[in-house]
Amino acid sequence: MANPAMPKAPAPKRLGAVALSTIVAVALALSTVLAVAAGSLAGPRAFAPDLPAELLAAPSGDVAPLISPGAPPGGITPP
Amino acid sequence: MTCRNCGLEVPSGQFCTRCGAHQGIGGDAGARRGHRFAANPDEAVDYPGLFSSLFPHLDSRQLNSYRLAFVVGLGIVVGLFMLGLATSAFLAAATVLPVLAVVFVLEQRPVRAELPRLLGTMVAAPLALGAFVGLLVSIVSAGISPFRGDGGLDPGGLITFALAIPLAVEAIKAALALSLRKRPYLGETIDGVVIGSVVGLFFTYGAALILFARIVPTVDVVVDDTRWLFPIISAGILGPILHAASTAAISASLWRGYRGDISPALAVVLALGGHVTFVIGTAVVLSSGRSPLVVLIWQAVVVAAELILVRRLVHRSLMEEAAAVPLAPTTCPNCRLAVDAASFCPNCGLAMVAVPDSFGTERAPVTEGASSG
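Residue numbers (numbering that gives the first Met the number 0), protein chains in the order written: chain A, 0 to 78; chain B, 0 to 372.
Derived from the structure by calculation, the hints contain no laboratory data. A few of these clues could be false.
[As the list claims (entries may be wrong)] Taking lysine to any residue and the SDA-like style, the derived pairs with C-alpha atoms no more than 20 angstroms apart in a straight line are: (1) B/Lys181 - B/Val122; (2) A/Lys12 - B/Arg108; (3) A/Lys12 - B/Asp356; (4) A/Lys12 - B/Val77; (5) B/Lys181 - B/Arg255; (6) A/Lys12 - B/Thr360; (7) A/Lys12 - B/Val354; (8) A/Lys12 - B/Asn63; (9) B/Lys181 - B/Glu113; (10) A/Lys12 - B/Val102; (11) A/Lys12 - B/Thr329; (12) A/Lys12 - B/Leu105; (13) A/Lys12 - B/Thr120; (14) A/Lys12 - B/Leu67; (15) B/Lys181 - B/Ala112; (16) A/Lys12 - B/Ser357; (17) A/Lys12 - B/Arg255; (18) A/Lys12 - B/Val110; (19) A/Lys12 - B/Leu62; (20) A/Lys12 - B/Ala337; (21) A/Lys12 - B/Val122; (22) A/Lys12 - B/Pro355; (23) B/Lys181 - B/Thr120; (24) A/Lys12 - B/Leu253; (25) B/Lys181 - B/Ser357; (26) B/Lys181 - B/Leu253; (27) B/Lys181 - B/Val102.
[To be verified] Residues from chain A that face chain B, not an exhaustive set, calculated with beta carbons under 8 angstroms: (28) Leu14; (29) Gly15; (30) Ser20; (31) Ala24.
If you're wondering where the values come from, they're calculated on a predicted model, not measured in any experiment. Glycine included, each C-beta is placed from N, C-alpha and C at the ideal position.
Sequences are here, hints too, so could you generate the full structure?
This is the structure we're talking about:
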């Protein structure tokens, strides 16, 4: 049973919210650098596909066939 | 006092330290204690908490830290999106949960000798397999689509994308997770839940990297299209949670031949059904021409249901598999009170198997013990 005579024990040393948030922020900063660098290397695009609908149709987001209603198989198509 | 459920003599408290039954509530409701999740008694069982479901070893303080870090990550994703950096926001969204998953595993301090195998099976292998499957499906999608040219649904394509691929993917993830079932220090069902969750997250991360590689050449670094928010949430957040939850549920069902009120076969069917339903619903809504917001709502509902399935499996397994350990003075990591506890904290009802630092670590051998009924 709970022993009221004993004070609450201190929490063990673990990563706090600030440390965890910092780790996440650093990881996302790195991913952003990677994404921007990859996008810049690819150069200017000749067309802008209707990507949002295509992405949303990717079954469960896991396998990403860029498909959308009305689009031919294979997905991305210049307008 | 005498427990109202198991009839054993136990230290007085709100909960029986042997079987976990709530003493203030009689009968089956007290034994099931659906209002107090055994891995986190501050929450109910049927509550779709993300981190307390996928990482049940986290105590209440750690849960708050992980939630805050997740919110910070989402804030960064929204910030990138507001700046028009759509592809960056997508990659960032897909990165948040895997990063937190790795931190969780390392924070648990698993036995050092097992760490390479754990990380290889839970992180590297699913990442590689997810990328491989992503590539394969992108090849398949060049010839097959679940949509006809007029926007309607194509039965053959729908069966491929909503049935064949999800079932194959779930089989791969489950095989990976279950390959660790016989490893030392991983004997509890909640260990299987953690492994399934991490495998699911990294499998989708591998597929997301392939998706990212496919969209980068076709989309400018900065775009002005607010509709990007929908696929970012769907493919970057909801999809990974679905995969983590479905693999966790399958893994939990088969880890120890769990014998609770949901049979392993039913739990596997429900987990697979959730994945299939997720995809079919998405395709049906899209083909009907409704707003992508409806898709997200549908996906969120299915994800919540999958998380609740995981929680039910975790809760019942913790109640059923309580080890017959002797009473000992300890400090509950949840309520932080000094108590005399065996399998459950008599004050808050936390299952002592679900305490922090117990994933992949040395502990007393598991024995069949207290019964909830």
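key: Distance restraint between A/Lys12 and B/Asp356, which requires alpha-carbon spacing of 20 angstroms or less   = Distance of about 11 angstroms is within 20 angstroms: holds.
inquiry  = For a C-alpha distance cap of 20 angstroms, please report whether A/Lys12 and B/Ser357 respect it.
reply    = Judged against 20 angstroms, a Cα distance of about 15 angstroms means the pair holds.
task = Sort out whether B/Val102 lies within 20 angstroms of A/Lys12, counting only the CA atoms.
result = Between A/Lys12 and B/Val102 the Cα gap is close to 15 angstroms, so the pair holds against 20 angstroms.
message = Between the alpha carbons of A/Lys12 and B/Arg108, is the straight-line distance 20 angstroms or under?
response = It holds: about 13 angstroms lies between the C-alpha atoms, which stays within 20 angstroms.
message = Need the status of pair A/Lys12, B/Leu253: alpha-carbon distance at most 20 angstroms?
response = violated (34 angstroms)
inquiry  = Next pair to validate is B/Lys181 with B/Thr120; report whether the Cα-Cα distance is within 20 angstroms.
reply    = At roughly 13 angstroms apart (the allowed maximum being 20 angstroms), B/Thr120 and B/Lys181 satisfy the hint.
ask   = Minimum Cβ distance from A/Leu14 to chain B below 8 angstroms?
value = holds (6 angstroms)
task = Given the hint that A/Lys12 pairs with B/Leu105, test it: the Cα-Cα distance must not exceed 20 angstroms.
result = It holds: about 14 angstroms lies between the C-alpha atoms, which stays within 20 angstroms.
query = Is the Cα-Cα distance between A/Lys12 and B/Pro355 20 angstroms or less?
reply = holds (11 angstroms)
query = Is the Cα-Cα distance between B/Lys181 and B/Glu113 20 angstroms or less?
reply = Measuring from Cα to Cα gives roughly 12 angstroms; hence the hint holds.
task = Would you check the hint for A/Lys12 and B/Val122, treating anything up to 20 angstroms between C-alpha atoms as holding?
result = Given pair A/Lys12, B/Val122 is violated - Cα atoms ~26 angstroms apart, limit 20 angstroms.
Pair hint A/Lys12 and B/Val77, alpha-carbon separation not exceeding 20 angstroms = Roughly 32 angstroms separates the two Cα atoms, so the pair is violated.
The structure is inconsistent with the numbered hints 4, 13, 17, 21, 24, 27, although it conforms to all the rest.
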